[in-house]
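Going down the list, the sequences are from chains A, B, C and D.
Quick note: the first sequence uses numbering that gives the first Met the number 0, first residue 0, plus one each step.
Quick note: the second sequence uses numbering that gives the first Met the number 0, first residue 0, plus one each step.
Quick note: the third sequence uses numbering that gives the first Met the number 0, first residue 0, plus one each step.
Quick note: the fourth sequence uses numbering that gives the first Met the number 0, first residue 0, plus one each step.
FYI, nobody ran anything at the bench for these hints, they're computed from the structure.
Some clues are possibly wrong.
Computed cross-link-like contacts, DSBU-like style, restricted to lysine-lysine with a CA-CA straight-line distance of at most 35 Å [to be verified]:
id: 1; chain 1: B; residue 1: 49; chain 2: D; residue 2: 97
id: 2; chain 1: B; residue 1: 305; chain 2: C; residue 2: 267
id: 3; chain 1: A; residue 1: 49; chain 2: C; residue 2: 131
id: 4; chain 1: D; residue 1: 55; chain 2: D; residue 2: 97
id: 5; chain 1: D; residue 1: 375; chain 2: D; residue 2: 319
Covered stretches of chain B, going by a simulated chain A footprint (3 or more residues, C-beta under 8 Å) [unchecked claim]:
id: 6; segment: 6-19
id: 7; segment: 30-42
id: 8; segment: 84-95
id: 9; segment: 128-142
id: 10; segment: 296-305
Only part of the chain D face toward chain A is listed, based on derived beta-carbon distances under 8 Å [said to hold, decoys possible]:
id: 11; residue: 40
id: 12; residue: 41
id: 13; residue: 128
id: 14; residue: 133
id: 15; residue: 136
id: 16; residue: 191
id: 17; residue: 220
id: 18; residue: 350
id: 19; residue: 356
id: 20; residue: 359
id: 21; residue: 363
id: 22; residue: 365
id: 23; residue: 367
id: 24; residue: 377
Every residue gets a Cβ at the ideal spot worked out from N, C-alpha and C, and that includes glycine.
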Amino acid sequence: MAQMNLLHAINNALDIAMTENERTVCFGEDVGYFGGVFRATSGLQEKFGKVRCFNTPLVEQGIIGFANGLASQGSVAVAEIQFADYIFPAFDQIVNEAAKFRYRSGNEFNVGKLTIRAPYGGGIAGGLYHSQSPEAYFAHTPGLKVVIPRNPYQAKGLLLASIRDDNPVIFFEPKRLYRASVGEVPEEDYQLPLGKAEILQAGNDITLLAWGAQMEIIEKAAEMAATDGISCEVIDLRTILPWDIETVTQSVMKTGRLIVSQEAPLTAGFASEIAATIQQECFLHLESPIGRVCGLDTPYPLALEKEYVADHLKVYEAIKHSINY
Amino acid sequence: MAQMNLLHAINNALDIAMTENERTVCFGEDVGYFGGVFRATSGLQEKFGKVRCFNTPLVEQGIIGFANGLASQGSVAVAEIQFADYIFPAFDQIVNEAAKFRYRSGNEFNVGKLTIRAPYGGGIAGGLYHSQSPEAYFAHTPGLKVVIPRNPYQAKGLLLASIRDDNPVIFFEPKRLYRASVGEVPEEDYQLPLGKAEILQAGNDITLLAWGAQMEIIEKAAEMAATDGISCEVIDLRTILPWDIETVTQSVMKTGRLIVSQEAPLTAGFASEIAATIQQECFLHLESPIGRVCGLDTPYPLALEKEYVADHLKVYEAIKHSINY
Amino acid sequence: MNTDSYNDGAVVHTPVFIDGHSVEIPILKILKQDGTLYEGAELPEIDQKLATKVYKTLVFHRVMDERMVASQRQGRLSFYMAALGEEAASVGGAAGLKDQDMIMTQYREQGALMFRGFSLEDFMNQMFSNAKDLGKGRQMPIHYGSKELNYMTVSSPLGTQIPQATGYAYGQKLQGLDAVTICYFGEGAASEGDFHAGLNMAAVQEAPVIFFCRNNGYAISTPSDEQFKGNGIASRGVGYGIKSLRIDGNDILAVIKATQIARAYALKENAPVLIEAMSYRLGAHSTSDDPSGYRTREEEERWQANDPILRMKNWMLAQKWWDEAQDSALYTRYREEVLAAVKVSEKIEKPHLDTLITDVYDVTPVHLQAQMDELKEHINKYPDAYPFTAGKF
Amino acid sequence: MNTDSYNDGAVVHTPVFIDGHSVEIPILKILKQDGTLYEGAELPEIDQKLATKVYKTLVFHRVMDERMVASQRQGRLSFYMAALGEEAASVGGAAGLKDQDMIMTQYREQGALMFRGFSLEDFMNQMFSNAKDLGKGRQMPIHYGSKELNYMTVSSPLGTQIPQATGYAYGQKLQGLDAVTICYFGEGAASEGDFHAGLNMAAVQEAPVIFFCRNNGYAISTPSDEQFKGNGIASRGVGYGIKSLRIDGNDILAVIKATQIARAYALKENAPVLIEAMSYRLGAHSTSDDPSGYRTREEEERWQANDPILRMKNWMLAQKWWDEAQDSALYTRYREEVLAAVKVSEKIEKPHLDTLITDVYDVTPVHLQAQMDELKEHINKYPDAYPFTAGKF
Ligand SMILES: Cc1ncc(C[n+]2csc(CCOP(=O)(O)OP(=O)(O)O)c2C)c(N)n1
Ligand SMILES: Cc1ncc(C[n+]2csc(CCOP(=O)(O)OP(=O)(O)O)c2C)c(N)n1
Ligand SMILES: [Mg+2]
Ligand SMILES: [Mg+2]
């Protein structure tokens, strides 16, 4: 096993995917010669040629439109959107096209071979347009899968699974962790399952649920709570759509309490979907309201980022509030 | 008072808005000479001239980009998107631009004078692309207001309030009701408040909440329930963002039960936000899980539309399920 | 590096605007309305067999449109879009290609699918959203698609197929196939951002795609002079560095010729080509539209004189490849066939309830299956309310 | 009706492609690098006063960029974007306009704001996101904006300002103002769908807007020949029916001249104009970028020889409007001023906590106020964790 940071793990997954199938193609703004502004595609053009790893013009709707066409043709399209904040010009191609391609054609055609990679999330002093966590915008769209890894090991296994999955997948990469998160990652091929949450820590008193970079935060809060004698069950959702209702339900049946934390603003975020579903599934088992610890309902700020974010202290307070309810 | 259908009411509101302020401009695809494919802007070009009511080229991102610029200049921009299903190419201009215009500039600039009108919703055998109810996609976006009227009277009063409100407003019009819904509408100017739900029918046993064309459905279900001796409190949310938490909370505090119904698919729809918030606000008062009666998690179908939709029978079943929980 | 080379071009010291007049765009015409050829005109590759197939397809198209508009008026069909007066663009485009080429369309190009051999039954089953529809009854009438015939399923959002065609063609190139993609769109849809994206990317990514613009003068009620101020759509090709060609869209021979040379060029050079076919939407936009609200009868009449089907017929007659007796027999036969097919298809039952949730994903996920189970239970409770599916699952 | 008139143009009977070679785009140059004028060159309206203001702005720009890049390297500033080598495009554009004209930019056009008189303190306060920033510390450095100076606040998503500029200009026309809008963007951003939308709508809706493309050869690492295959951006104007002009972007007199005539034309004709200024991004894309990963030193050196500021200085010297002593004094003064201003601004405290939720709406809604109240309570509980705001509300 090698030590890799999250970027290396992604680069390694792309390398494996391109090696195993000569119809796999990686592209996006600055993705080619330079290897992407974060260097996730570094070395791929050199290794696989300009036809399989290339710069596109600066047009997100075109990148995804092109990717849809390419995937429908049977090629494996791995498109990069430089920042998740810039995925919105491609919203129509994703939500109206990719998501509905198979359904509308009665499965005559599909874009199952499409994967969209995009760095997302805050914590890098990026302000409004280099910090967003837009997963909830896509979660309301049947036909899409949305996947978010929390560390290098997860990133590689989930990205390989996403590329090979026969549905369009949006793969959001926590850019704050690109270099900060380092861990053991097998050099060989492996996959982690889509649609399955992972229980990182078993516990009895309360369930904490998050995804991506927010996992660090809830783990830290769980540690704090542990010193108060509160036993937290910590779950990484990993796949936002379709999400693992079963695992979360089982956990909350046991603990009777749930806190969901997300980077994105509170209102209509994905935490709301989870709360709505779990209050239904676990109604008679809930001992306190499901808590959502999220960003404030504002655009992502800059100077006051520290105050804005759903940090471990806010999660910790929510845990105590839930336990003492 | 005159009898007007929903289209007339909207046309009448636009006429009043354009008459009172010569800086008010209406535009969109086919909006000019022809008066829009649904005829909502009928007669306006003739009355106010081609400079104030006009066809645009066929480009939604341009229509809203143009509207943002026009509104930031101080003109009153009323842009039409021909079908809500076609609003997604403008998603970036709405979510990244309009919604964040004031915040990002420290209020140096704003697009408060922007209103986007779009016919939405199903029930017209429109299939995937002439039936969508995309309000939840916008509800996750601080800075926007999202308004949906249920009948001609509401449409006129809420549209005038939306045009005059100093924030960007998306105004979704239930196209199924354009001609089907007819009612008394004052010819003179009036406004209805944004951000305020309306209780249409007081009741004690359960709260039913919806918006737009779905109001008919829950009212019908409430009638059915009444014959079983179930007293429903029926609420029209009217404004999706920011929504009237207070009124809904008060109602559920009283009834102890809540069903939210929306046309859009279940997962991550706005009903989920309402359920998440109300389980928190009313935890100790809830006697059964909050029910969501929604479209299935599929694209909007055609042949099986009847089976797909959240009809009054499904709402009625949900009421009984909640009461018998 | 582009900016380095800017010193090589012409230099001026007082400002000189360039504008639409800087580029002259000739229009290709081969066949006159009376069926004779223009002097010096170069024919496409076409023999009697191909010509007959093309002509029959045109007639079939005209007849099906006429019958389906009538069916819609009778309330048998919910919606239809005819291509009256501009059938040559789609039929001729398909005729200039090979079967392995992918066809991506906007919606008014059913002629290309007819040429490829989509059966009358397949057309009908799609329009009646019945259990035999290849699209499983999920889209409005005229949203056809066929994997087997390399005809991409139509999607209502305009312009989205344009960058998709670029990507599709890129994949064909990557695989080294002897195949290109043709992408149809209207002059209205060419205003969408996706048009810009698709054409520019095709040039940069060197994709063998033929962009085929049907400039028929209108986007619903919006005349093309409220759609753009440039010299049509062909003039935009210049800006993308794409070889562009304007043709008479009602001249079937010009359409076939243009498509044939575009295909050869695209394949050989791995480069896109833009064709702008000038025509006119003689009918309503769709059965939901009434053009008398926005244009004059006189204007329509001027264009009736350019009927592309009559023009081809005149040529066929002159070639002695066709005669009047054959012609009226063909119309009669097609009318009967279409009418008969309507009667069969409108009676076929709706798709099975399960198709409501299949194909959302490759495999139906748990939550969606749960929703279906609940729905079935509900339908069983209220069978009268769901007459088309109750008792059928 | 556009399609009616297609019969009026040139007709051919064998296919003739048009392409990029169909349009010749001359480049306007007025000033040579040595400070002399090209023969026959037509000067813009400029006197010593304006020239001096322009030149001083250029020098200030150069100095501020240099200092701020250094400050970023020292870790005092989080991020910066210089305009090294292409300052003439923004400064000259502003100089060719009137104060009432709206300026909408991409991000590398701070020169226009400097020309308009945004104070050094205002620049610094924005970059240090402090309590005195007009933007209330909400956006990354270089996202300036000023209502008073008619300079629209910069927004990171590329291309979005292009259709907005069309709308803004339309509003100016509607009000009958003696004012136009200028809209800057890079050759990279010109690939966005919003570019297509904005230009086409400007032509159709007859908006007095000047589209000013800075073609500086790169979009981050992507050279312009991987961005498009057409003849630059000016060639696209032809397709939209927009008067277009290519200029030497490092020639300040050409920039001013072009902007002046574009303004006059746009206002008089209620029509857009497209200017493409050829230049080169001599520095890194931003302080997060290192161009040595994707281009050569030689290429950069070739362009260093075209320094627009040196070129203008040579002209000023030749005009006897300026001398070397003034020049070095100016550089020294600006360096000191900028350094001093950094020291002041970096110490000013952060914006008040309340600004986290203001301006989301015109009036703060209940739910957001509740979130703030909760936040304040939380900060009071953990003051050490929020050192910049704890105890300050
Ligand atoms: C994105 C989008 N916006 C709007 C529409 C509604 N619409 C359907 S057809 C049409 C006009 C298209 O005109 P054109 O491209 O010229 O094609 P034609 O109908 O003339 O064949 C419009 C506005 C749509 N389907 N998709
Ligand atoms: C919609 C969008 N996509 C991507 C980016 C990331 N990005 C920022 S600057 C840039 C390159 C812009 O190049 P160009 O327009 O040529 O301007 P220049 O930097 O050369 O001045 C990119 C890709 C962005 N800001 N917005
Ligand atoms: Mg058309
Ligand atoms: Mg550039």
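Quick rundown of the hints versus the structure:
For a cut-off of 35 Å, the pair hint linking residue 49 of chain B to residue 97 of chain D stands: about 29 Å separates their Cα positions. The straight-line distance between the Cα atoms of residue 305 of chain B and residue 267 of chain C is roughly 51 Å, outside the 35 Å bound, and the hint therefore fails. Proximity of residue 49 of chain A to residue 131 of chain C is assessed by CA-CA distance (about 44 Å); at most 35 Å being required, the pair is judged violated. With a C-alpha separation of about 18 Å, the suggested pair residue 55 of chain D and residue 97 of chain D falls inside the 35 Å cut-off, and the hint holds.
Taken as a hint, the residue 375 of chain D and residue 319 of chain D pair is broken in the structure, with Cα atoms around 62 Å apart against an allowance of 35 Å. Counting residues of the segment 6-19 of chain B whose beta carbon lies closer than 8 Å to any beta carbon of chain A gives 0, which falls below the threshold of three, so the coverage claim is violated. Counting residues of the segment 30-42 of chain B whose beta carbon lies closer than 8 Å to any beta carbon of chain A gives 0, which falls below the threshold of three, so the coverage claim is violated. Taking a C-beta to C-beta cut-off of 8 Å, the segment 84-95 of chain B contributes 7 residues in contact with chain A, enough for the three needed, and the coverage statement holds.
Look at the segment 128-142 of chain B against chain A: 7 of its residues bring a Cβ nearer than 8 Å to a Cβ of that chain, three or more, so the hint holds. Counting residues of the segment 296-305 of chain B whose CB lies closer than 8 Å to any CB of chain A gives 3, which reaches the minimum of 3, so the coverage claim holds. Against a cut-off of 8 Å between C-beta atoms, the interface hint on residue 40 of chain D is violated, since the closest Cβ of chain A lies about 34 Å away. A cut of 8 Å between beta carbons decides the hint on residue 41 of chain D: the least distance to chain A is about 35 Å, and the hint is violated.
Using the Cβ-Cβ criterion of 8 Å, the hint placing residue 128 of chain D at the interface with chain A is satisfied: the shortest such distance is roughly 4 Å. The interface hint given for residue 133 of chain D is broken, as the beta carbon of that residue sits about 13 Å from the closest beta carbon of chain A, more than 8 Å. The interface hint given for residue 136 of chain D is met, as the beta carbon of that residue sits about 3 Å from the closest beta carbon of chain A, less than 8 Å. A least Cβ separation of about 5 Å between residue 191 of chain D and chain A falls short of the 8 Å threshold, and the interface hint therefore holds.
At about 4 Å, the closest approach between the beta carbon of residue 220 of chain D and any beta carbon in chain A falls short of 8 Å, and the interface hint on this residue holds. With its C-beta approaching chain A no nearer than about 5 Å, residue 350 of chain D sits inside the 8 Å limit, and its interface hint holds. This hint holds: residue 356 of chain D has a C-beta 6 Å from the nearest C-beta of chain A, less than the 8 Å allowed. Against a cut-off of 8 Å between C-beta atoms, the interface hint on residue 359 of chain D holds, since the closest Cβ of chain A lies about 5 Å away.
For residue 363 of chain D, the interface hint is violated, since its Cβ never comes within 8 Å of a Cβ in chain A; the closest pair sits about 10 Å apart. For residue 365 of chain D, the suggested interface contact is broken, since its CB lies about 11 Å from the closest CB of chain A, more than 8 Å. The beta carbon of residue 367 of chain D is positioned within 8 Å of a beta carbon in chain A (closest approach about 5 Å), and the interface hint is therefore held. Annotation: residue 377 of chain D was flagged as interfacial toward chain A, and the flag holds, the nearest CB pair being 6 Å apart, inside 8 Å.
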